[in-house]
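Chain by chain, the residues:
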Amino acid sequence: MKAAGFDYARPSDVEAALRLKESLGERATFIAGGQSLIPALNMRLNQPGLVIDISRISSLRNVQSEEGGLRVGSMVTHRELGQSDIANKFSPIFRQTSRLIAHEAIRNKGTIGGSVALADPAAEWPAVCVALDARVRLVSRHTVREVSADSFFKGTYMTDRQEDELLDSIYFPPGASRIRPLIAEFSRQHGGFATAGVVLTIDLFEGVGRSIFFAISQAPIVIESEFLSDFVKSGTGGTASICERWIKEKLRNFELTTDLYHDSKAKGHIAAVVASRALVAMRSTLNTGSIDE
Amino acid sequence: MSKTMVQFILNAKPVQIMVEPRIHLIDCLRECFDISSARVGCEHGVCGACTLRINGQIVRGCLTLAIQADGQYVETLEHLNETGEISDLKQAFHERNAVQCGYCTSGMLITSQSYLSQTKGYDRQEIREHIAGNYCRCTGYEAIVDAIEVVAKQRGLHPNEKSL
Amino acid sequence: MNAPQELFERSATQTTNYIGKSVTRPNARRLLDGQAVYVDDIHLPKLAHVAFVRSPYASALIRSIHTEEARKAAGVLAVYTGEQLMRTVKPMHATLVHFKGMKAAMQPCMAVDRALWQGEPVVAVVAESIHQAIDAAQLVEVSYEPQTAVTDMETALDPATPVIHPELGDNLCFSREIDEGEFEESVKSSAVLVERVFRFPRHTGVCLEGRSVIGDYSRADNKLTVYISHQAPNMVQDCYARLLGLKESQVRVVCKDIGGSYGIKTHVYGDELATCAIAIDLCRPVKFVADRTESFLSDIHSRDHRVHMKMTVSQEGEIKGIWIDDLLAIGPYSVYPRTSVVEGNQIVNIAGQWYRHRAYKAKMSNVFTNMAIYSNYRAVGHPVAVGATEGLIDAVARQLKIDPVVIRRKNLLPDDAFPCQTPSGMKFEAMSHHQCLDRLVEMMDLTQLRLDQSELRGKGIFRGIGIASMIEITNPSAQFYGVGGARISAQDGCTARMDPAGGITLLHGCGEQGQGTETIFAQIAAQVIGVSIDNVKVITGDTDVTPYGGGTWASRGAGVGGEAAWQACKALRNNILELGSIVHKLEKDRLDIRDGKLVDVLIGESLSDLSELGRVAYFRPDLLGTYQAELSVTKHFVPKAYPFTFTNGAIACHLEVDTDLGSIRLLKFWVVEDCGTVINPQLVDEQIRGAIVQGIGPTLLEQCIYGNDGQMLNPNLVDYLVPMAAEMPDMVIDHVQTPTRTTELGAKGAGEAGTAGAPAAIMNALNDALSPFAVELFDMPFTPQKILRAIGKC
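Chains as they are written, first to last, in this note's numbering: chain A, 1 to 293; chain B, 1 to 164; chain C, 1 to 794.
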């Protein structure tokens, strides 16, 4: 399993990276952390002519506050994002999520931009982006555009990113603390790909809650309802199993995937259990006033 | 496709080599520098046998192109041994027989050291989770966890409260 | 301690006793330093690399092969097809005569005219670097005509199913029946009949170091040196010599460090053999290292069984009769030279046999398919036999509402029932099932666990406790392979030598792959001879140098290898004493060696260092009169009294089932293992731990998943799940020691029992946890989906 030959370039800025990409089109591919791309190269599933390494471009590596929100450069690693004070002050979801991703060695190199651009159905960051109404900034030689996360992810390994575009950064608008995002997933092995996962956001002010499911479908599934916020507010009323049944019912409206070990029914069930437990946990932290990470 | 010059610090010594971009760091270290402790187990980043340190952080050597090591500080097991950084860990592994066939050992030691050098406290489940990305087929892991725990105690770390 | 008398006596005279001590492994230091030498670490001048083009189809005719483009590629030295290699490599035919009626086809080292499993090597491309070889391999054009693949064991023998080898008539490789004691009668006369069907998944070894070999042929010496990651160097020597048309003396096999083996590396593989044939043709060293994908597709797979089992039982739970029908699916070829039928054969030999019963009826059918080649893997057959037996006896216990410990106490062969012969024909020398079970129950505090379980059930938390009694074949005699015509040695040999400076060197025909066998040989030498273990050196793994031996398999290292070392060291000690008696003009009977010194026991005086005796023997033999010192002694040993030495044990699993997610959390394991004399407790216990985790694998996680077209769907470590640290439990181990009287050392094997017993213990614990739901599961691996479906959650 040795990669086929390719050329390599490490441009020092985005402009140079885009020029290189434009010159070769489909035959060139960007490499971010490489934690998904290099296995594909080693297995010869992917045989590009040119690999453009953008992982060290400094303009892509910042985490900064912006207009009350948070802008995260695409080449920020999972580890950096998880440990970033700025990010975690904005929302504890970043530390929570980072901890769920693979293992330390992977987190030291893998990037949020790489994960979002790849759009693996089992990945966490896409669901977090959708949950927080994030906007993905895409740049090409002549354009800059921002796409809302919920229209960015189209399917398995399919996004709205065009061939000539590079994922520059992701903007998380203000309001994260109001919606109290929480991530939970079930995987059979610590650090393994999730069988089912969910990011929950509850807007107590607006009285609405959203559950964004990942790993059970090609692109994240969004279920928005007052039921979710009511459940979380309800104090002692409403059992976990009521919640589980409600979610399972809602998930029946979506096309769930099947993997080697779980069919869509099992995945839907497990997703509902993960979500209902997370909602119960959210409910108890609200009632006790403690922050449960 | 053609070879490119790569310069980096390898085990505290500056080195340079001409290497094809497609060559991953493990193959480069083995072929060009005779670093036999750098090992390949799966070449898709899952088994952890290839774990090394770059700029003080553990990474998968098989998921790093040699050319990406340019300008970086690369450390393999030989260096950790030479500086004495893990002599207590090696001793504990030896005494507890936390090594059998030895193939996972380079990656396992480097990963264990990464845990011990960063953690504030320790407990067995946390140790297990930290090495959960390093596959061992021989030991069943318990001896490795025991050895890391012994070193944690020796280095003055305190057990996490939930484990008490 | 229950050690044999002589061992005990020797212990009494030594200031340092090594046998029974957890000595650390001297050879582990280089592993910790990163200085291990695996095959891929061996540098040879002009080393070339081979990459294989492998069949992407499970069954296909090969219409044409075009290699012109590949031959022209950069760095390419040669390209070979299966047909080319047929000229110099004999095909493999893996049958053994003691498996009566067994059928197998000739297997070329690389496919000729047709490919019969996905991953079968078709073309070999040799180049200066592995990258160049793989680049060129991509340029080889093979035109395949896919055929219908046989993948389903249940229909493999149906008339409508294609026959993989028409010359064999059907897809049946081997079947065997045992019929003792009239099972049908026991059905009529017994109160209860309980039956279940168990499914064990096809899985594989996943050695972290892929299979590796370097063939190095010297035309001048007319000699082939094979550096190989393998468990049986002399077997490789024999097989390769015959298959490559060389004399045995022309082949040297060297085994240095091996990165995991577990039985996967006891076989002859076509790609490894082809590599050596190519080396001979090119007169250049050629290396092959299997990558992870290749390992999944071309290492042997194992344990693909559907077992239907019945017990007839009295109302009080006494077993009257046992019935078993085992169907297993191997690959298209029987694997050379051990065959692919040993596993099924073991199962019918041992299923249920550790319980009292009168009637035993067993049937085993072993069918060819187009899935990957298949053969012996750690614990060969035992996980299936123990799994089905222990799973069924628990089902009986549940049905009759008898406690699982009580039902075992009623039925396990009593500890004083030995020696005995089982209805299946197995000879048991001595076992301690009851002692082990009693100790196990005590160790795990079963009473408290049951109280906790009951309390937690009230809170909707479902814990389970599962117990299994197990046996494991070790120390095999020639009955295992030799009688069948296989040139696989059951004997082993050790040369013990005292060097001029007084150090002891052992050359041994049985090596290790991390188990610590070299260390226990050193312990034996140190204790028997009377020296510090620091002065003992052990050399293994070179057929030019070490005595002819069997290697590592069937847990024979301690029991067989250890006994050879014991005998050789005893003889060497005797010769040293004889030399000492000549040098010091004293009767031999009053001399001993203690802490490296020759001692006059009668007056309690140290006479000389061994180094002094060495000086005289090697450099001043003029001082010895007519006496010729013999400080190098070779002894061989093979078990004779029993065909195999069975060990026994009891294992328990405590787990918790999350009935909403369907996931299992393993809380703890306990094992009480009787493997006879324990030479190094830590090494034995670590073998048991590793073996247990290797048994946990297929019970919860591992499976080679095949599509209907015979293609493996998960040949990578993301989709094939192996046990990792976070989900594994701590394991508490204790021992009973019933030494075997067939050797002086009394050691039995220990490496495989954990793998045999763990699946049963987990299965029983799972079914115990789920008993409030009145469901039973017997289809491994126990995935969340299977559990959820069984309890009606989705």
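Check the hints yourself; a few may be wrong.
Stated by the list, open to error - Heads up, simulated BS3-like pairs for lysine-lysine below, C-alpha to C-alpha not over 27 Å straight-line:
1. B:LYS3 to C:LYS668
2. B:LYS153 to C:LYS668
3. B:LYS162 to C:LYS668
It should be emphasised that the hints constitute simulated quantities derived from the structure, not laboratory data.
Against the structure, the hints come out as follows:
1. For the suggested pair B:LYS3 and C:LYS668, the alpha carbons sit about 53 Å apart, so the restraint of at most 27 Å is broken.
2. With a C-alpha separation of about 23 Å, the suggested pairing of B:LYS153 with C:LYS668 holds against the 27 Å cut-off.
3. Among the hinted pairs, B:LYS162 with C:LYS668 is consistent with the structure: their alpha-carbon atoms are about 19 Å apart, no more than 27 Å.
Checked against the numbered hints above, the structure breaks only hint 1 and satisfies the rest.
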